[in-house]
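Asker: Use the sequences and the hints to build the structure in full.
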Amino acid sequence: MIDVQNVRFTYDGANFALDGVSLHVRKGEFLCILGGNGSGKSTLAKHLNALLIPDEGTVKVQDMPTADADCTYRIRETVGMVFQNPDDQLVASLVEDDVAFGPENLGVPTDELRERVTQALEDVGLSGFERHETHALSGGQKQRVAIAGVLAMNPAVLVLDEASAMLDPRGRTGLMRVCHELHERGMTIVMITHYMEEAAQADRVVVMEHGHVALEGTPDEVLVQARALAHLNLDVPFAARLSLDLRHAGMAVQPTVDAGKLAREVLALGKAAGICTTADANAAAPDAADADVDFPTCEGDADAPALIEFQDVSFTYDAAEAKRQRKRKQAPAARQAKWGNSPDSLWAVRDVSLQVRRGEFLGVAGHTGSGKSTLIQHMNGILKPTSGRVLVDGTDIASKGAESKVRGSIGVVFQYPEHQLFAETVYKDVAFGPRNLGLSGEEVDALVRSSLDRVGLSFDELAEKSPFELSGGQQRRVAFAGVLAMDPQVLVLDEPAAGLDPASKRSFLQMIARLHDQGLTVVMVSHCMDDLAAMCDRVAVMNEGRLLGVGAPERLFLHARKLKDVGLGTTEPQAFAEALRAGGWPLEQEKLYTEKELAGMIAAACGAGSGNAGEASSSPAGSEGQVVE
Amino acid sequence: MNPGFSFGSYVSGTSCVHRLDPRTKLIAGCAFIVVLLCAKTAAALAVCAAFTALCYALAQIPPSKAARSLAPLMAIVVIVAVLNLFVTQGGQVLVNWGILRISEAGVQTCLFMGARLTIMMLGMSLITLTTMTIDLTEAFEWVLKPFARFGVPAHELGMIMGIALRFMPQFANELAVVYHAQVSRGARLSNSPARGVRMLTSLMVPLFTSVFRHAETLSAAMDARCYHGGEGRTHLHPLRFAPRDAAAAAFMAVLAGCVAAIGYFL
Numbered sequence: 001m002i003d004v005q006n007v008r009f010t011y012d013g014a015n016f017a018l019d020g021v022s023l024h025v026r027k028g029e030f031l032c033i034l035g036g037n038g039s040g041k042s043t044l045a046k047h048l049n050a051l052l053i054p055d056e057g058t059v060k061v062q063d064m065p066t067a068d069a070d071c072t073y074r075i076r077e078t079v080g081m082v083f084q085n086p087d088d089q090l091v092a093s094l095v096e097d098d099v100a101f102g103p104e105n106l107g108v109p110t111d112e113l114r115e116r117v118t119q120a121l122e123d124v125g126l127s128g129f130e131r132h133e134t135h136a137l138s139g140g141q142k143q144r145v146a147i148a149g150v151l152a153m154n155p156a157v158l159v160l161d162e163a164s165a166m167l168d169p170r171g172r173t174g175l176m177r178v179c180h181e182l183h184e185r186g187m188t189i190v191m192i193t194h195y196m197e198e199a200a201q202a203d204r205v206v207v208m209e210h211g212h213v214a215l216e217g218t219p220d221e222v223l224v225q226a227r228a229l230a231h232l233n234l235d236v237p238f239a240a241r242l243s244l245d246l247r248h249a250g251m252a253v254q255p256t257v258d259a260g261k262l263a264r265e266v267l268a269l270g271k272a273a274g275i276c277t278t279a280d281a282n283a284a285a286p287d288a289a290d291a292d293v294d295f296p297t298c299e300g301d302a303d304a305p306a307l308i309e310f311q312d313v314s315f316t317y318d319a320a321e322a323k324r325q326r327k328r329k330q331a332p333a334a335r336q337a338k339w340g341n342s343p344d345s346l347w348a349v350r351d352v353s354l355q356v357r358r359g360e361f362l363g364v365a366g367h368t369g370s371g372k373s374t375l376i377q378h379m380n381g382i383l384k385p386t387s388g389r390v391l392v393d394g395t396d397i398a399s400k401g402a403e404s405k406v407r408g409s410i411g412v413v414f415q416y417p418e419h420q421l422f423a424e425t426v427y428k429d430v431a432f433g434p435r436n437l438g439l440s441g442e443e444v445d446a447l448v449r450s451s452l453d454r455v456g457l458s459f460d461e462l463a464e465k466s467p468f469e470l471s472g473g474q475q476r477r478v479a480f481a482g483v484l485a486m487d488p489q490v491l492v493l494d495e496p497a498a499g500l501d502p503a504s505k506r507s508f509l510q511m512i513a514r515l516h517d518q519g520l521t522v523v524m525v526s527h528c529m530d531d532l533a534a535m536c537d538r539v540a541v542m543n544e545g546r547l548l549g550v551g552a553p554e555r556l557f558l559h560a561r562k563l564k565d566v567g568l569g570t571t572e573p574q575a576f577a578e579a580l581r582a583g584g585w586p587l588e589q590e591k592l593y594t595e596k597e598l599a600g601m602i603a604a605a606c607g608a609g610s611g612n613a614g615e616a617s618s619s620p621a622g623s624e625g626q627v628v629e
Numbered sequence: 001m002n003p004g005f006s007f008g009s010y011v012s013g014t015s016c017v018h019r020l021d022p023r024t025k026l027i028a029g030c031a032f033i034v035v036l037l038c039a040k041t042a043a044a045l046a047v048c049a050a051f052t053a054l055c056y057a058l059a060q061i062p063p064s065k066a067a068r069s070l071a072p073l074m075a076i077v078v079i080v081a082v083l084n085l086f087v088t089q090g091g092q093v094l095v096n097w098g099i100l101r102i103s104e105a106g107v108q109t110c111l112f113m114g115a116r117l118t119i120m121m122l123g124m125s126l127i128t129l130t131t132m133t134i135d136l137t138e139a140f141e142w143v144l145k146p147f148a149r150f151g152v153p154a155h156e157l158g159m160i161m162g163i164a165l166r167f168m169p170q171f172a173n174e175l176a177v178v179y180h181a182q183v184s185r186g187a188r189l190s191n192s193p194a195r196g197v198r199m200l201t202s203l204m205v206p207l208f209t210s211v212f213r214h215a216e217t218l219s220a221a222m223d224a225r226c227y228h229g230g231e232g233r234t235h236l237h238p239l240r241f242a243p244r245d246a247a248a249a250a251f252m253a254v255l256a257g258c259v260a261a262i263g264y265f266l
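Chains as they are written, first to last, in the numbering used here: chain A, 1 to 629; chain B, 1 to 266.
Don't read these hints as lab results, they were simulated from the structure.
These numbers come from a predicted model, not from an experiment.
All C-beta atoms, glycine included, are put in the ideal place defined by N, C-alpha and C.
One thing to keep in mind: the hints can contain errors.
Partial list, computed: chain B residues near chain A (C-beta under 8 Å) [claimed, not checked]: (1) T14; (2) W97; (3) R101; (4) P169; (5) V177; (6) V178; (7) S202; (8) A220; (9) A221; (10) M222; (11) A224; (12) G232; (13) T234; (14) L236.
Sample of chain B residues at the chain A side, in silico, Cβ under 8 Å [stated by the list, open to error]: (15) S103; (16) T128; (17) I160; (18) G162; (19) H180; (20) V205; (21) P206; (22) R233; (23) Y264.
Answerer: Below is the structure:
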């Protein structure tokens, strides 16, 4: 289908972004290309449909060389491409016009255009969205519109260049589903990603490093090579880590990336060792119990003083409408949209009471549109509650004069904070906050030094550089330093690790944990349950503008089913433990397993039985492309 | 962040005015302005006003919506009318405050201009009220097409307008986010002017970098979808003139005739 031969490519004439890549994409396969930032994977993607032409070597699409200018449009018609940022690739204001854009360029007659648009939207599950405005869609929906726009050109290959990187888990699941459906109908898919869960679902995985192919093979072969992957700045998927740990403990399980398969193997071993009860009757019990138990609402160190306190806070972006409804004494009509979040539901936050205590690490979970961002914007008075009060250190933030005081003591880091950099040097950008507070030159200088140090950047090296010359990860650190320079007591973070590759994400989260250890109170919004469970003292769960529950992660994440009802998952080890329990493995009821504990527990239980595990390990290998949620 | 943002004042509907070809509406709008400028008497204006009212009725636009779309434009009307009040002189002097003098002719012109402009604005609003901006863009592109041979890039201008409209709400959103972020870092417009300038740069620089970033990827995305200018492109909604467009043209001609007749006979 696509043949890449010894391709070298350079942007600047000195460093080769691609340095001798050879790759063969077969017809009808699902290929995943992995790699850390700067490994050349996106550059490779742009070569596949002639957006870039190799400096050396050849790329051939169905025997058409991309270097031949006459073939360019036929190649782009054959190889459709979806880009990373959902906001950047939609051309038109209306969904149907955008989907029609590609075939319009190809000169497809109007009647056929209409058919193709209808079909493409149906393929991505967005029938009926023809007349919707593109900017009002969620990120996941925008990406699916982008895919529809490519499908309408009837391509044979679909290339997704980190198309899921900026989406929330729900959007990502939808995107993967669409890809699998298309693949089943014969579409060749090339997916570029740094999410391991996605790579685990592919037929074949190629790992890039420094512009060449480092590893290649099926997910089960490639993704279990823990040491090699760590060296390439990538993560090993949970199931692979667990299977390796178990093998290390002497159990006969296949190294695999498929958690469902691993669970079945472990259960088989457990049965052989006589640990499991075969009955599934047990499985229903925890769920039934779960339905009755409410989420913990307030827990932990109740003696610690509250730094920020929400008292029955409600907020709406449309205050006039709220007033009208209150006058009419009418309950707001249930205008919940059919899909994901509803942009037109009246209340963004409803009746939230919550305390942020001094010195704690509070996590906020909830899917997009659940009111998380609106909630944290109340913390430093950017938004004022429509009703209810927000107290910071006992002062109502709505009261006069409180604002400037609050702004200094509560630092908010928005999503993608590097997009807010503006000054000509790093120093000036970081100094913006303290200068606004009216501090003297020396004080500002000291604050800039200390805050750059706290985010792990060197003052002497970077202070006089332009922030726009830095790498993405460094830019984000500079933006962080800009908030720390205000010397806040509380750090409020909205998705601080969004869009980073696994290695930078890890070091970034370590930095946040360090800041917390230094005495900062931290509030962090995140989609990643494993991060929240590992880092937070307490977690608050938001759903449709309401606070569903607050509690220690050890308690909260036990309610897997309840979390699933609101579109969230639990942690991966816990999900695995639930799968074991459903299979009849006796587990402690009120315990949140970590990965180590889980591996230790299974190994200890099977310790005696590992000898007669031969039958389990002979179970047929091969990826089924399914991962237990 | 800013869910209330909407551009234009489009009121959805299926009336015959809504369904008119956007090109017809655009041309009729221009013709209407010319007719209004030719209307020199109160009688002619009254005919035009009646015509506008009839169009609104046909479009089934409620008066409240019409008034709301007119409100921001009324400032212009008032300024022009008041200017005329003082500038035009003639007939009996009614008020005399030093250099400011209001005469009979001034009052007449003031009222006449005010009425004429209001009708004009009402006519123009009717177009934006019944036509989506995206359709207007296409009509605009079509109207410019004859000028393409003189080097006017008609297709490109239309595309630019379309993309600008598409990104308008997005930049409004991004600006709101950047504003909130910088305000969180203590930025304020008040106080010293130096600080105000700093605040503005802290908003504008991120906005411009974001514009360039978007432009770069958008152009790659358009390339990837085989965009190569207007040549050989087809349209999902090709503009087609229907009988009702001819009817609208005839309607317009009748109005012009009436105004001309009034001017000639009275």
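Asker: Would you mind marking each hint as holding or not holding in the structure?
Answerer: To see whether the hints hold, each was checked on the structure:
Proximity of T14 of chain B to chain A is violated relative to the hint, the smallest CB-CB distance being about 13 Å (cut-off 8 Å). Taking 8 Å as the C-beta contact cut-off toward chain A, the hint placing W97 of chain B at the interface is violated, the least distance being around 42 Å. A hinted interface residue such as R101 of chain B counts as satisfied when its beta carbon comes closer than 8 Å to some beta carbon of chain A; here the least separation is about 45 Å, so the hint is violated. Among the interface hints, the one on P169 of chain B holds; its C-beta lies about 5 Å from the nearest C-beta in chain A, closer than the 8 Å criterion.
Given hint, V177 of chain B at the interface with chain A, holds; its Cβ is 6 Å from that chain's nearest Cβ, closer than 8 Å. Residue-level restraint check for V178 of chain B holds (minimum Cβ-Cβ distance to chain A is 5 Å; threshold 8 Å). For S202 of chain B, the shortest C-beta to C-beta distance to chain A is roughly 5 Å, which falls under 8 Å, so the interface hint holds. For A220 of chain B, the interface hint holds, since its Cβ comes within 8 Å of a Cβ in chain A; the closest pair sits about 6 Å apart.
Interface hint at A221 of chain B: satisfied, since its Cβ lies 4 Å from the closest Cβ of chain A, which is below the 8 Å cut-off. Because the smallest distance between the Cβ of M222 of chain B and any Cβ of chain A comes to about 6 Å, under 8 Å, the interface hint for this residue holds. For A224 of chain B, the interface hint holds, the least distance from its beta-carbon to any beta-carbon of chain A being 4 Å, beneath 8 Å. Below 8 Å, beta-carbon pairs count as interface contacts, and G232 of chain B has one with chain A at about 5 Å; its hint therefore holds.
The criterion of a C-beta within 8 Å of any C-beta in chain A is met by T234 of chain B, whose closest approach is roughly 5 Å, and the hint holds. Using the Cβ-Cβ criterion of 8 Å, the hint placing L236 of chain B at the interface with chain A is satisfied: the shortest such distance is roughly 4 Å. Hint status for S103 of chain B relative to chain A: violated, with the closest Cβ pair at about 45 Å, above 8 Å. Hint status for T128 of chain B relative to chain A: violated, with the closest Cβ pair at about 15 Å, above 8 Å.
The interface hint given for I160 of chain B is broken, as the beta carbon of that residue sits about 12 Å from the closest beta carbon of chain A, more than 8 Å. Here the hint on G162 of chain B is kept, as its CB sits about 7 Å from the closest CB of chain A, short of 8 Å. Taking 8 Å as the C-beta cut-off, the interface hint given for H180 of chain B holds, the closest approach to chain A being about 5 Å. The closest approach between the C-beta of V205 of chain B and any C-beta of chain A is roughly 4 Å, which is under the 8 Å cut-off, so the hint is satisfied.
For P206 of chain B, the shortest C-beta to C-beta distance to chain A is roughly 5 Å, which falls under 8 Å, so the interface hint holds. Evaluation of the R233 of chain B hint against chain A yields a held restraint, the C-beta minimum of about 5 Å falling below 8 Å. A distance limit of 8 Å between C-beta atoms decides the matter here; for Y264 of chain B the minimum to chain A is near 46 Å, and the interface restraint is violated.
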